[in-house]
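Enquirer: Given next are the chains, with one letter for each unit.
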Amino acid sequence: MEKKTTTVNLTEEEFVHPGNRACSGCGLSIVYRMGLKALGKNTILVVPPSCLTVLQGLYPVASSKLPVVNVTFASTGAAATGVRGAMKALKKTDVNVVAWAGDGGTSDIGIQALSGACERGEDIIYICYDNEAYMNTGVQRSGTTPQGVLTTTTPIKGKLQKKKDVPSIIAAHGIGYVATASAAFPLDFYDKVKKATTLPGPKYIHVHTPCPPGWSFESRYTIKIGKLAVQTGLFDLYEIENGQFRLTGASEKLIGQKRKPVTDYFATQGRFKSLDKELVAGVQEQIDAKWANY
Amino acid sequence: MRKDIIEIRWHGRGGQGAITAAKIVANAAFASGYKGAVMTPTFGTERRGAAVFTSLKISRDKIYDLSPISTPDMIIVLDHTLLDEVDVAAGLKENGLVVLNGGKPVEEYDFKGRKVAVCDVTHHAVTAGLPPGIVNSGIIGAFCRATGLVELDVLLEAIKKEFSGKRPELNAKAAQIAYDNTAIGGI
Amino acid sequence: MHIIDSGNVAAATGVKLSRAQVIAAYPITPQTPLTEKLSEFVESEELDAQYIPVESEHSAMGVCIAASTAGTRAFTATSANGLLYMNEQLHWAVGARLPIVMCVANRGIGAPWTVWNDQQDSIAQRDVGWIQIYANDHQQIIDSVIKAFRLAQAVSIPVMVCYDGYLLSHTYMPFEPPEQEKVDNFLPPFATKHFLDPENPGNFNPVTLPDIRPGVDGKIMPGYIEIRHNLQMDLLAALDVYEEIDTDYKKEFGRGGHPFVEEYKCDDADFVAVCIGSLSYHLRDVIDSMREKNVKIGVMGVQIYRPFPNEAITRALSGRKHVIVFEKALSYGNQGALYADIKSALYSCEKRPTIQNFILGLGGREIKTGQLLEVLTEACNSPGTAEDTPRWIGLKL
Amino acid sequence: MTDRNFCEMISRGAPGPGDGGKTGSWRVLRPVINLEACIPVKTNKMACFNCWLYCPDCSVSKTIPPVIDFEYCKGCGICAEECPAGAITMVDEATPIEEEK
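Residue numbers (UniProt numbering), protein chains in the order written: chain A, 1 to 294; chain B, 1 to 187; chain C, 1 to 397; chain D, 1 to 101.
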């Protein structure tokens, strides 16, 4: 498992059809494509309302080649539980049961059901793609929107509160595997999903997915901006396996290295337009303090 | 309204097993040909130690009215300390009967002249070998002796079945001893 | 063989005999003992099911929706605010055409809190599209649960089996559980046409457009309105299916024969009292004593409330002098929901009786036999003078 | 049992391409690969393929040379941005490409 997947040996098999309704340059599209490659055919997906609902196609056409059940916004964790329960009842032991939800569907309305599933130790993989706002409804603030970000419900001053640290909340349930990933590092994400398919109990993967329209940048920069979030130390790639935290991939390589200043990241996106110097300095301080502990 | 229904109200404390006792009698009554046997516990929150009551209606025909008993034919009291707390005889019919777990002689209890049966069930249960405080099997023996509604054999069987895995023989013995030591007074 | 136990245990026994495969469990009074009994059945291995102790009723139905979509027989139970918390999920389950069965131990709705019986909880869910069956005693509870599983499966529509909280859920009375072997003959193993299957992938319940649209093979597929119209047609047709199932059940087990309405002394009745649930049995004692005074009165319990058995009700009530509808719920701001439904059913009837509405027993207020006798006597003495607005019984204002 | 075929209609989508139509029409800019600079072409080895890896729309093939599916390519420009050899340029859709000239 420690052998890292490369672009060259990554499977060519696709589980997503082209011509879907995702926006041009969509970060979710990249991680969804990679995630399904890692999960493979024997997978059932549970999806609440999100951009993924649109990506996956409007009836009667489906863009995924896997079975998918769309469920209500708050019930993702419960629905994944139900699918796993059914698989157990039917004695189908080799199926990946995967919930795939956005940040609003996870950190806000869906956290109760997710917490319940984690506490019960359900054998599911829960993937939260974090584009840091309610993008499907047109960019409203969510629990994971970072401080200072302009959204349509924080239109002038930007969000006043800090980003909710969902992976830590989930890790506090004591589940066996929590990981973060980024659309800008698709192979790292692929390997983490692949690893999750081999582990028992609940697995949680939180993947940072840049959103060109929601973050206000040109669609060609999706990867660049995702990488900047990691290179500035704002969004860290890590795994918490059986309680053991370790940085992975690009974040691991940053240990002891000089990180890019956060201003490099903020400058790339329209959503940070209203950040004042004080806030930026504060964020930089927090990041430096966090990294001093790594 | 219906004259064929015998209404029995059980008074106890939460955790004392009044419901179980009433259920055993319901089972025995049904086995004895009473097609109607409806047992209705106190609705709502039942807290350990608090005064509770349970309604048992039995009839030769099916019972349709599930509302609580207001004019009982019989009152069964599992704990004599309740007499100071609760008007256990409220609504008791003129020719009604009170069956009481108490330590005093039967003459010392007065329920406005109604028939009274007294048995020191608490004591007899210990004699039977049960841990102190188990009174719900014993009271059934006293009930049987005082009412004659159901045969003792049938009741003992019902007790053994209900307490299967929980000292069935000792519970049956407690009922038997209580049956033998029930004093009936009043009119 | 008969046993004496609570209504909740009767329901749990029905679920066990129906071999539910996935059970979502969340406690709420007065349904809780049903959930507890099922955990006992599963832990003692009397029932081979996945027992999932969820963290809310919303999730309970979420588990059932997913487990049913994945191809298993799913069950849950709730009461009052738990049912209301599921509301969105109830709509979802029926729109997805999932044959889930749920028991509802009827209880009043907060605020203020009440744990006692009325029927506002399930009556308030009448428009979600679930089939609603009401049981009047423990035998009907266990029989209805088994029939409900077969009905749900036959029509791909979820079924709610409702029974009065406390009055039935906690009261002990004799009932006869059917034999497992016979239930197995009556109720086929779970099967659905479409389920989550990696060998045959599909996207269930995606965004569906207002208009029709061609699929990948070019075939024109329905839009949202066609799918919903189909649901309505299937719901209406479910009445016939339920009648057949009930007939089969009677053949096998000797009980039933009145799937839509259960009448008592109605044959020659000028006056008919109508209600839902155990009250219709309670009223039998009142009817008997009025019959002794030569009042030609009967009582009719409505056994299936959605789909509404319009024809059966019209047949039963047409030509009567006067109909008296008792309800432990109402459509706030209007009238009793059952009353309004019955009035509507009788509208096209040539020999239309007069009709009146009583609201009673909300939040567990005791319904006294004497009160029922009083209002029914009055209603029979002066039929036709009643107003259209409901009268409340037992108010102590 | 009644003959009626219950539940003929549920909303269940079947997998297939082009739910959003021919999304190639979304393009404003078109990626054009300079094959002389393209690493797998130049080295004739299965190497690089960043364009294939990062494509959000499964519209680049993992072949030598890589081929872009213009029927569905939305023209996001990620492939151009992430090509380490700078072999892909985004040209205006209105500009005629080599073969069309």
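For the record, the hints were derived by calculation from the structure and aren't laboratory data. The reader is advised that the hints may include incorrect statements.
Claimed, not checked - Listed next, the stretches of chain C that the computed footprint assigns to chain D, with coverage defined by at least 3 CB atoms under 8 Å from CB atoms of chain D:
1. 125–135
2. 197–209
3. 214–221
4. 301–313
Remember, it's a predicted structure, so these values are computed and weren't measured experimentally. The C-beta atom is built at its ideal place from N, Cα and C for all residues, glycine as well.
Enquirer: All hints, please: hold or fail.
Expert: Consistency of the hints with the structure:
1. 125–135: The restraint on the region 125–135 of chain C is violated, since only 0 of its residues have a Cβ under 8 Å from chain D and three are required.
2. 197–209: With 7 residues closer than 8 Å to chain D, the region 197–209 of chain C meets the three-residue bar; holds.
3. 214–221: holds (count 3)
4. 301–313: Our answer is that it is violated, as 0 residues pass the Cβ test (under 8 Å) against chain D, missing three.
Going down the numbered hints, you'll see the structure goes against 1, 4, while the others check out.
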